[in-house]
Amino acid sequence: MRIGVFICHCGSNIAGTVDCPSVAATALTYPDVVFSTDTMYACSEPGQDAIIQAVKDKNLDGVVVASCTPRMHEQTFRRAVERAGLNRYMFEMANIREHVSWIGKTKDLNTGKASELVRMAVEKLRRNRPLMAKRFETTKRVLVIGGGVAGIQAALDCADGGQEVILVEREQSIGGKMAKLDKTFPTVDCSSCVLGPKMVDIAQHPNITLYTCAEVESVGGYVGNFQVTVRKKATYVDWARCTGCGLCVEKCPSRKMPDPFNENLCNAPSINIPFPQAIPKKAAINAASCLMLTKGKCGLCAKVCPVKCIDFEQKDELVNVDVGAIVVATGYDLFDWHKYPQYGEGRYKDVITSLQYERLLSASGPTGGHIKRPSDGKEPKNVVFIQCVGSRDKSVNRPYCSGFCCMYTAKQAILTKDHIPDSQSYVFYMDIRSPGKLYDEFVRRAMEEYGAQYVRGRVAMIYPKGDKLVVRGADTLAGTQVEVPADLVVLAVGAESAKGAVQLGEKLRVAPDQYGFFVESHPKLKPVETNTAGVFLAGACQGPKDIPASVGQGSAAASKVLGLLSKAMLESDPAVSRVNPARCVGCGKCIQTCPFGAIKAVQDRFGNPKAEVIDTVCQGCGICTVTCPQGAIQLEHFTDNQILAEVNALCPPKMFANFE
Amino acid sequence: MLKIAYYPGCSGQGTSLEYDTSTRAVCKALDVELVDIPDWSCCGSTPAHTVNHVLSAALSARNLAQVESMGMTKATTPCPSCLTNLRTASHKMDDPEFKDKVNALLDVPCRNAVDTQSVLQVLAENVDPDLIKGKVVKPLSGIKIACYYGCIMNRPPEVMKFDHHENPMAMDNLMALLGAEVVPFPLKVECCGASYGIPRGDIVHRLSGKLLDAARDVGADAIVTACPLCQMNLDLRQGQINDALRENFRIPVFYYTQLLGYALGIDRAELGFEKLCVDPRLALGRIKQPQQAM
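Here the protein sequences come in this chain order: A and B.
If you count by the numbering used here, then the first sequence holds residues 1 to 660, one letter each, in order.
If you count by the numbering used here, then the second sequence holds residues 1 to 294, one letter each, in order.
Just chain A, with the same shape it has in the complex (with noise of 0.2 Å):
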């Protein structure tokens, strides 16, 4: 074998504590090393074209780099080694940066651990043999989970892109928390007049299917395809015939249960349409507190609907869907502020949330649209923002910035002196933070047009004083204790990750970080990717995320499936697990433990046992290489051979030091 070997300086990066030509010499003295050299930037232009000239001029069979991390480059240089004509697996890479430039300081022994790592390399590549992929066709189909503005705008692009799309939201409407909202910022336009004809067009797409009151099941398959099992839960109401008359909505005598999309601010009937925009605009029991349902007498609703669509005994209904591609747009959640004391863990009434407050200000909300403190319909003329109640607060266990409330809280401000012109608002805040377009002159708006008064500093306490709550905190910028009557308290709670959100995560194999939202491939190049190939992110199940970043990445997303999906064809990875039948023996053990149910047993021609491959599913991850008794599964391009000669590289038997 001929091998030849890069050392890459990577700028300063990695020369700057290792001594790459003296890297470069010592690997020439490895086996089958018949070139080495040291290049400034192996990955750029003519560093890739060095490579290509150095494998035609010195008949080369494989390639180790030494560069930076293969999470990095490793395409790069394979498709560099591809385009000169050799195997893509003949290469090897060594990471001499993140693991030894970037974390020792100390030269001599900096480069003694790489020539190390090369030798590993080396020793590795000796023993590689060129592996093919294998080619199969995908289902030109996409899951769309979940139908807030992410999730709406994925399946429109991908729908106009002419995919199959199959949108799944829990909720009875899609719309999520866009359309609670009332106006968005910095324009003040109206929220529902922006989303709504984007959610009739979901409703009305020929390439789309919606299932709403249904979350996702389960999924198996891998990417191109997804076979996906939709649970689209009871509601007792036959959507086929609803015609969203409202009839039944009326008549209903339950209305014990709070209304969930006006945030808990009033009740709903027990049978119930969301909102006057909703998507798809159907009726749906709340088997909890229907009377029907609970006590088994009432049936109200079926007496009156004119075309007789209840139905008490539905059930719910299991749907399976293949598709090649899946975009996962679950959002968020609001921050339960009830883990906050000193603002009285709910005991006063009209300490609210900002989005209850939105509701407050919506015209389709419970007032109307007319802004009445809960607790005793009178309106308010000071008004308190408290910023930051479940972001930046370690106490909490949310230390990070929730990013959009400093935004929403300048434009709540604006509303009210709009609705109530004598009214005074305080905002208690951090610092501000709104950095994008239009943003940061849109809260100078709020305080110099609209006369918003902004303290900095956080709110200690809350308390009631006759009909009014004091609010008392500091001004950090006056150095002084501050306490504001107030009539009613508005807190910008932060966001979290949804309900769920980790059980979906397992599912889909998509990792959560610590807080719960769902992490992305690489976070500046691959920010809605995610490390299970053909399972795409958009919106803030990723992080929180305003609208335009939202859509923004609903987009995004949306281009991610349309490029994969117009290959005709994709390619697999070859780097998977091989069964040697002679030596296994059918114990089966490899399939219990392979995650991915990538093994299923076969019987050979005598009709004994085995283990086989499904070469799709195969994720290479080795658990059944080491779980084998037999050693009879090898993980191509891993195998234990390859993995030894690495060991030995780095760390050469005793035994050979006895014997020479």
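Honestly, I wouldn't trust all of these hints.
Straight-line C-alpha distance at most 16 Å; calculated EDC-like pairs for lysine to aspartate or glutamate [unchecked claim]:
| hint | chain 1 | residue 1 | chain 2 | residue 2 |
| --- | --- | --- | --- | --- |
| 1 | A | 339 | B | 166 |
| 2 | B | 74 | B | 33 |
| 3 | A | 465 | B | 213 |
| 4 | A | 198 | A | 160 |
| 5 | A | 417 | A | 449 |
| 6 | B | 161 | B | 125 |
| 7 | B | 92 | B | 115 |
| 8 | A | 468 | A | 483 |
| 9 | A | 297 | A | 313 |
| 10 | B | 210 | A | 483 |
| 11 | B | 92 | B | 158 |
| 12 | A | 468 | B | 213 |
| 13 | A | 468 | B | 217 |
| 14 | A | 465 | B | 217 |
| 15 | B | 135 | B | 31 |
Hints listed in this document are in silico derivations from the structure and should not be mistaken for laboratory results.
Just so we're clear, the structure is a prediction, and the values are computed from it rather than from any experiment.
Using the hints, position chain B against chain A.
Here is chain B on its own, set in the frame of chain A:
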């Protein structure tokens, strides 16, 4: 019968004599035996820990060692300030290095094996509410009470480990059990100004004034407290506060043990109502006399 080592604290010997006597009386009535700690000394009060943490802890540790010498593991004190010092010393001595420093100052080393609780916590957690209810002979119905815990009885929560640190309910529940109408008092754990009464009276006037104002605001006939210093600031200084703030507060400030003893029918002499500065008779007069069966 529950047997607990009792640390009266210095104020119990003087400024809050009525708190001490009423505490002893109600505990006796509720089958809680208080055993005085022999030769106890001052816990260090406010000044000690502002000067030297080890020395301050040693003062408290000496008392804890005394409890250990009695062969007991549980102690109680009515005074939240003493409680804070005893518990903080104990908490800090969980660090062996700190414990060694403290023990170097003591004749008898402290093993740090004593759990100190406020009398309120003992009553709330170790006495069956039904037992208390059964012993009530004069229910407190008719009187509106604001329960005031003071700032250190429940805080910091990781040291005090009792009730809620922002909205404690133990005293509220106890008073409700006795038949009183407990009004929601929003400033339960606010500071009264504490020992600033001597160097900076104006601070106490402002802070305690706010408490009295809040109590009046929620319609309380009386404030009930568990802290000698709070009681003094609110009661003894109520006249000063009125002068300073041009107010006219006349809100009696009881120790919760006094009203508990009243409800249990304990002899007035042991409850020491006459030691209160703001005349409590109007408030006590609101308590409806029980229907006489005689």
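Structure-based check of all given hints:
1. Note on residue 339 of chain A and residue 166 of chain B: the hinted pairing holds, with a Cα-Cα distance of about 11 Å set against a maximum of 16 Å.
2. Using a Cα cut-off of 16 Å, the hinted pair residue 74 of chain B and residue 33 of chain B holds, with the two alpha carbons roughly 12 Å apart.
3. Among the hinted pairs, residue 465 of chain A with residue 213 of chain B is consistent with the structure: their alpha-carbon atoms are about 9 Å apart, no more than 16 Å.
4. Annotation: proposed proximity of residue 198 of chain A to residue 160 of chain A holds, straight-line Cα distance about 13 Å (limit 16 Å).
5. This hinted pair checks out: residue 417 of chain A and residue 449 of chain A have alpha carbons roughly 10 Å apart, not beyond 16 Å.
6. Between residue 161 of chain B and residue 125 of chain B the alpha-carbon distance is near 12 Å, which keeps this suggested pair within the 16 Å criterion.
7. Among the hinted pairs, residue 92 of chain B with residue 115 of chain B is consistent with the structure: their alpha-carbon atoms are about 13 Å apart, no more than 16 Å.
8. Only pairs whose Cα atoms come within 16 Å are accepted, and residue 468 of chain A paired with residue 483 of chain A is accepted, the gap being roughly 12 Å.
9. Taking the CA atoms of residue 297 of chain A and residue 313 of chain A, the gap is near 14 Å; set against the 16 Å cutoff, the hint holds.
10. Distance check on the hinted pair: residue 210 of chain B and residue 483 of chain A sit about 12 Å apart at the alpha-carbon level, within 16 Å; holds.
11. In summary, the hint linking residue 92 of chain B to residue 158 of chain B is supported, as the alpha carbons are separated by about 12 Å, within the 16 Å threshold.
12. A distance of roughly 14 Å separates the Cα atoms of residue 468 of chain A and residue 213 of chain B; the hinted pair therefore holds under the 16 Å criterion.
13. Using a Cα cut-off of 16 Å, the hinted pair residue 468 of chain A and residue 217 of chain B holds, with the two alpha carbons roughly 11 Å apart.
14. Taking the CA atoms of residue 465 of chain A and residue 217 of chain B, the gap is about 7 Å. The hint holds against a cut of 16 Å.
15. The straight-line distance between the Cα atoms of residue 135 of chain B and residue 31 of chain B is roughly 11 Å, inside the 16 Å bound, and the hint therefore holds.
Comparing the model with each numbered hint stated earlier shows that all of them hold.
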